[in-house]
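Peer 1: Listed here are the chains, written in short residue letters.
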Amino acid sequence: MTLDPSLLPDGGLQWLSASGDHAGIVISSRIRLARNLSGYAFPTRAREGERLRVLHQVREAAARIPGLRDAALVRVDECNAQDRLLLHERHLVSRELAGLDATQGPPGAGAVFVTGDAGVMVNEEDHLRLQVFRSGFDIGGALREAERLDREVGSEVAYAWHPEFGFLTSCPTNTGTGMRASVLIHLPGLVLTQEIGKVLQGLQHMGLTYRGLYGEGSEVLGNYFQISNQTTLGRGEDELADQLVRVVRRVIEREEEARRVLLRDAGYIIEDKLWRAYGTLRHARTLPAEEAMTLLSGVRLAAGLNLVSGLSVYTLNKLLIFSQAAHLAQAAGRALTDGEANLARARYVRQVLAAEARLTD
Amino acid sequence: MVCDQCKERDAVVHLTQIVAAAVAQVHLCERCAAERGIETTVAEPKHPLGDFLQAVQQQASQLPGDLARCAYCGTSLREFRASGRLGCAHCYGAFEQSLRELLRRVHGATRHAGWRYEPQDGDVLERRVQLEALRDRLQRAIDEEAFETAAALRDQIRGLE
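Taken in sequence, the protein lines are chains D and P. Under this note's numbering, the first residue of the first sequence carries the number 1, and numbering increases by one thereafter. Under this note's numbering, the first residue of the second sequence carries the number 1001, and numbering increases by one thereafter.
It is worth saying that the hints were derived from the structure and are not from the lab. Keep in mind it's a predicted model, so treat the numbers as computed, not measured. Glycine is no exception: its CB is placed at the ideal position from the N, C-alpha and C atoms. Treat the hints loosely; a few may be bogus.
To spell it out: a stretch of chain P is covered by chain D in this simulated footprint if at least three of its residues, at any positions, have a beta carbon under 8 Å from a beta carbon of chain D; those stretches are [claimed, not checked]:
| # | region |
| --- | --- |
| 1 | 1080-1089 |
| 2 | 1093-1103 |
| 3 | 1110-1116 |
| 4 | 1131-1144 |
Simulated restraints on C-beta separations [claimed, not checked]:
| # | chain 1 | residue 1 | chain 2 | residue 2 | range |
| --- | --- | --- | --- | --- | --- |
| 5 | P | Gln1097 | D | Asp4 | 31 to 41 Å |
| 6 | D | Ala63 | P | Ile1157 | 18 to 28 Å |
| 7 | P | Ile1157 | D | Asp70 | 13 to 23 Å |
Residues from chain P that face chain D, not an exhaustive set, calculated with beta carbons under 10 Å [what the hints assert, rightly or not]:
| # | residue |
| --- | --- |
| 8 | Asp1010 |
| 9 | Thr1075 |
| 10 | Val1106 |
| 11 | Pro1119 |
Pulled out of the complex, with its shape left as it was, chain P reads as follows:
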């Protein structure tokens, strides 16, 4: 059965919804279900990080702010808890408090003690990266119909160009 939303992937989530007193069946693939905020347990990738995930879950049950989201990529703390994967570099800032605790549990430390990296700035490379990032955010804003944000991003892009 094909997903009702994307019409591409196989539907794995079969949902019975009651909308305006009528019963409707919705069939969704995992990705579209996730986009609608429906949590699935079907094809959760199995990986050997059992202890780590358990630590994340335990921690989350103790902490509020389940719905906290990274403003850059939109990953929520809840999604991170379910997958064990962060969405982007900015998630480290968005979930800093929870992460610091988690890193301490997993690694016994929170401070990097290895090779240092000098982020490159001011040069063409950096600007190109910035531009591409802004274009992604613009596309995302358009998709989400956040037109004010989109307009601001477009101006920023023009400025950089």
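Next comes chain D alone, as it looks inside the complex:
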């Protein structure tokens, strides 16, 4: 099966639009709810036939669920490796569901429903992973939407539920609400002022945790962090989400403060560093993925400090996703070697920046 990303509602990328609060710093907000269907073993234990029946039941139910009626359904296990990577690069499926680490490919009957700002992964670690994305800092909006979707889905399929433990999940770290609320946040100021260690440590005291750009197990690249709640049981969804919002608001303030300090104490050094990053991206002929990520982080900071104008946050968000391997291969219409991808990445970034940026020397 070949995936045509243009058939996905909004490409599944509405969250890139840079329309929400603090969009320069917070790329996106996400609510994820882990749910299982009553009467089936959890996907990691279920047989192939059982997983297929889960998928069929959910597909049948989706036709009656307003939030999913118009969703595109992608059978991830029937996609080729490049398309699975593309879905993962768009944050629509996890590494696990995309089968990126598994030698035997993606898990059987794995699928994802995609709408403009929501998605439902089927047969990942849990039968269902409901996800709602929002551009910028809007946990509250994402939570309301997730609650509505959850109610709609839960009235069409029977969830595995326990009066004491709440929603039952494959991993006990998700039991209870099954909720992970997270923001994808860009913190170059705190990294450059070396304040980040303290901030990250502080998160843990507040019951929060952090990961890299691509969630669980991914490393921190380009100063992008995903901050999320760690516990899921004993406190309600609103309380958990409010706590995240309060702490993230404070992190944003500290990032803004760090940026002011950088400009005040090391103005020309920072300016030079960021212009060099910008210059490299404008002119480089080959760009490895990690280097691109680091340089784009610099340019995003430069835009945030108003050093570069005419460069929209939307463009920066788009560059972050569309400069990745599977997206470049998709644009080229064929598989690319690493070397070819580096050439294609440099060309793509040059074109986008040249089209959009106007300099303010």
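Dock chain P against the given chain D, drawing on the hints supplied.
Peer 2: Coordinates of chain P only, in the frame set by chain D:
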């Protein structure tokens, strides 16, 4: 090298067995090895739940009942300890005592305080789910040659149909 049992997946476990005074080499994939109850450490999925797994393991070393199994899906407490994953909703009942302690350690609480869910009952949906679950159990019983259980399940299925 292909697994001796399923003849599909790559063999990652190479076992030297002594059967009836003869030495035999068995090559198994991870899944078939697990089915035979052979614990492997090779391709254990790495995940960042180190603390959590450690808590599970510590706890298990303090508790007996390693061999306790969920009657519904067959997951043992030992398997749960190794993977950190429960097999089905019924595992929560089967390992309730160990789980309650574990949940307290991980979350600092055991009681859900969020949205309530009204499980649907009596309607067509519920019956369909029940039927499918029974059919799975029937298949499992047949696979395991537990014919008495299978017969009882078949009767139950007929009753519901």
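Peer 1: Mind checking the CB of P:Val1106 against every CB in chain D and telling me if the closest is under 10 Å?
Peer 2: Since the shortest Cβ distance to chain D is 6 Å, the answer is holds.
Peer 1: How about the region 1080-1089 of chain P: do at least three of its residues have a C-beta closer than 8 Å to a C-beta of chain D?
Peer 2: Per the Cβ count (7), the hint holds.
Peer 1: Does P:Thr1075 pass the interface check with chain D, least Cβ-Cβ distance below 10 Å?
Peer 2: Interface hint status for P:Thr1075: holds (6 Å vs cutoff 10 Å).
Peer 1: Do three or more residues from the region 1131-1144 of chain P put their C-beta atoms closer than 8 Å to C-beta atoms of chain D?
Peer 2: holds (count 4)
Peer 1: Does the nearest C-beta of chain D fall within a distance shorter than 10 Å of the C-beta of P:Pro1119?
Peer 2: 5 Å, holds
Peer 1: Hey, does the P:Asp1010 contact hint survive, CB to chain D under 10 Å?
Peer 2: 7 Å, holds
Peer 1: With 31 to 41 Å as the target window, see if P:Gln1097 and D:Asp4 comply at their CB atoms.
Peer 2: Violated, since P:Gln1097 and D:Asp4 (Cβ atoms, about 51 Å apart) do not stay within the stated range.
Peer 1: If I claimed the Cβ atoms of D:Ala63 and P:Ile1157 lie 18 to 28 Å apart, would that claim hold in this structure?
Peer 2: 27 Å, holds
Peer 1: With a cut-off of 8 Å between beta carbons, are at least three residues of the region 1110-1116 of chain P near chain D?
Peer 2: holds (count 6)
Peer 1: Quick check: the region 1093-1103 of chain P, covered by chain D? Criterion 3+ residues, Cβ under 8 Å.
Peer 2: holds (count 3)
Peer 1: Should the hint that P:Ile1157 and D:Asp70 are 13 to 23 Å apart at their CB atoms be regarded as holding?
Peer 2: Given range 13 to 23 Å: violated, Cβ gap about 36 Å.
In this structure, the hints that do not hold are numbers 5, 7, in rising order.
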